[in-house]
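Q: The listed protein sequences correspond, in order, to chains A and B. Under the numbering used here, the residue at position 265 of the first sequence is numbered 252, and the numbers go up by one with no gaps. Count along the second sequence from 1, then add 689; that gives the number in the numbering used here.
For the record, the hints were derived by calculation from the structure and aren't laboratory data. Backbone N, C-alpha and C fix where the C-beta goes; we use that ideal spot for every residue, glycine too. Check each hint, because a few of them may be wrong.
Claimed, not checked - Label-pair distances were calculated between CB atoms; the ranges are: (1) A/P344 - B/K903: 31 to 41 angstroms; (2) A/H443 - B/D888: 28 to 38 angstroms; (3) B/R738 - A/E232: 29 to 39 angstroms; (4) B/R738 - A/V217: 51 to 61 angstroms; (5) B/K903 - A/H443: 37 to 47 angstroms; (6) A/Q379 - B/A825: 31 to 41 angstroms; (7) A/E232 - B/A825: 27 to 37 angstroms.
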Amino acid sequence: MKRLKSALRQGVWPWLCAGSVALSLLMLGALLALLLTRGLGHFWPATLDEVTLANGDIVAGEAVRELPLPDQAGNERLYFIGNRDIDDVRWRWVALDSIAQRTQPATLLRLERRTWGDFIGYLEAVDVNGQRITGQDAWQQVKQALRLPTLQRAQYQLTLRTPQGQTLRQSLATVLSAEAPNAMSVGQKVQTWGNGIWQFLSQGPRAANTQGGVWPAIFGTMLMVILMSVMVTPFGVLAAIYLNEIAHQGPLTRLVRIGVHNLAGVPSIVYGVFGLGVFVYGIGGSLDEWFFDEALPSPTFGTGGLLWASLTLALLTLPVVIVATEEGLARIPEAQREGAVALGATRLEMITRVVLPMTMPAMLTGVILAVARAAGEVAPLMLVGVAKLAPQMPLDGEFPYLHLERKFMHLGYHLFDTAFHGEDVQAAIPLVYATALLLVLLVLVLNLTAILLRHHLRRQRGSEC
Amino acid sequence: MLASRHVDQTTQAPATHFPADQCCLNIEQFNLAYAGKLALQALTLQVPRHRVTAFIGPSGCGKSTLLRAINRLHDLNGSVTHSGSISLEGHNIHDPGINVTELRRRVGMVFQTPNPFPMSIYDNVAFGLRLQKRLAKRQRDDIIEWALTSAALWDEVKDDLHRSAWRLSGGQQQRLVIARTLAVQPDVLLLDEPASALDPISTLKIEELIRNLKSQLTLVLVTHNMQQAARVSDYTAFLQEGELVEYGPTDHVFTNPRLQRTENYITGRMA
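Can you make the complete structure from the sequences, with help from the hints?
A: Below is the structure:
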């Protein structure tokens, strides 16, 4: 015991501290690495296997993972086989022992279709303008035709053959993309991978959020965060100025300050309940009665929407902005204020021309923290306006362009919904990783922007404060 | 032993009452209290125009408080009360009709630590001008050049007026602050230990500047440095515990003080 104590005194503390830092960094690195590999790996065109089982069955698809068999020795492998329109399953577990032959035919195709999900199989022939093309030419024809607009693609009729030998006919208009991953070079794979990522970022979701992209969710998150910042920044800054510059510093001010600090710790779902009760039902309900009574009983503002979600999050992040701004204000030397006043500035001029510009970095810090918190918040949004699938974007070309009453999609909620409410859990897993990665990156980008802005402001005045 | 020394009360007290045309600031029976605690007691003092008047005294004697009272900076602090009067050119500065911001423009103030604003040199000097009437850029540029020249800073900064003021040295910053104050053309310049945070060379520059500015305006200087007071001021007031102990021409106060207390302080024999 004595030796331990002396050892602690001598040199274990620095190691303990360094160890904590290392562990934190390691966990952060592991998290990011997991998100990066799983999230980005999803878009890599995977090799397709064709497996002949001992009992003669043929399974073709993408090998996803291997697990030990539940009741006997050996492993089993999960294949994504697609073709849900044929046999209504998209996944198949295959015991490794039962595999007689495993090949990777170069002609095996994977078609992404508008309905029924992916098709995995072979291309038999293409019919176009009464002409029938078969063999390798057919595949070249399909690749070219896929660049045409959808309407022109409708004249191409594909004859497809499943690995099990069934044939089906499919119009090219319903095919989104086609690839033969086994025949691809690395360069082509990288290109397909990049395309996949771009589509994920730029397209809307399909097939109950298990396919397609997350653009509406990105857009919704950004728009909501921007609206929230626009609302919270002036309020927070004004409140901080009042508390720090104008209010008489007494027990009441101290009490208010403690209150503000504690508001930051209120669980976010409580804000959600408040937003639902006050903003949605209270204010929104009244607005509907006064201005939109012709639409009742279907609510306009009396239901969750972009405006209420932004307001709720603004309320949630208000203490963060107030506290950060107040800290910035407290750091400004009294001499700066007196210097301005001594030159004949009124209190308002002193605040707007000297105090506020000097507080700008602190204010930005507050807004960064607020944005980071708001972008990742899900619980309160579920009560005040986020939607699983929003048919219309909250910002479009239709008057009044910004539709504050519309429901919107949000990355955090999209993540939650994809992970737990999808009909196909296996298909959702990579999307969950990709969405999580995107959410992290979004917050990172927002933070970086603000940090760069703050840095720029500091350099401009050549100061360190 | 020192206290028992006979003070020659018969020496003719030098005139510290000035006729109205020479008196810039007239402080009469001025009392000031922080939260009920008296900091200045029954101060009566006249500051002559176009002269340098130094306030000396131990820390906490109220000299800075008096300086700030002339600028009405105490208005920012709600717990300060005062009575008596301070008149600037015959007008009581506490009159309800007085515009405080206009008063502060006429009575400029320079603080102990240089406090340039976090903006460019140009914007610092233009700060006070921009608070007032709109000026043509040309006119403003002229005033800024004049102010910086008056503050003996023009030659050092004229090549890059848009550099951040915080990149200047301490002495340059203090001269910039003086230029900033001069730009609004005040009648009185209050200097609260303007050189106490500066190196000896910068201090000398500031002192020279103070002597040169005398022709343009009235200067009031608070300092802890006896040599500085002796070097630059025409009149010296010695304050102790919120009271005016002795006031007279600097030569008199330093070479032939009327009171033992003053002599002790000046010669450094007082704690």
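Q: Within 31 to 41 angstroms or not, the Cβ separation of A/Q379 and B/A825?
A: 54 angstroms, violated
Q: Using the Cβ atoms, figure out if A/P344 sits within 31 to 41 angstroms of B/K903.
A: 35 angstroms, holds
Q: Given the hint of 28 to 38 angstroms, check if A/H443 and B/D888 actually sit that far apart at their C-beta atoms.
A: 33 angstroms, holds
Q: Evaluate the given range 29 to 39 angstroms for the C-beta pair formed by B/R738 and A/E232.
A: The hinted range 29 to 39 angstroms holds for B/R738 and A/E232, with Cβ atoms some 36 angstroms apart.
Q: Taking 51 to 61 angstroms as the stated bounds, is the beta-carbon spacing between B/R738 and A/V217 within them?
A: 55 angstroms, holds
Q: Take a look at whether the Cβ-Cβ distance between B/K903 and A/H443 falls inside 37 to 47 angstroms.
A: Holds: the Cβ-Cβ distance is about 44 angstroms, inside 37 to 47 angstroms.
Q: Taking the Cβ atom of A/E232 and the Cβ atom of B/A825, is their distance within the range 27 to 37 angstroms?
A: 33 angstroms, holds
When each numbered hint is compared with the structure, a violation occurs for hint 6 only.
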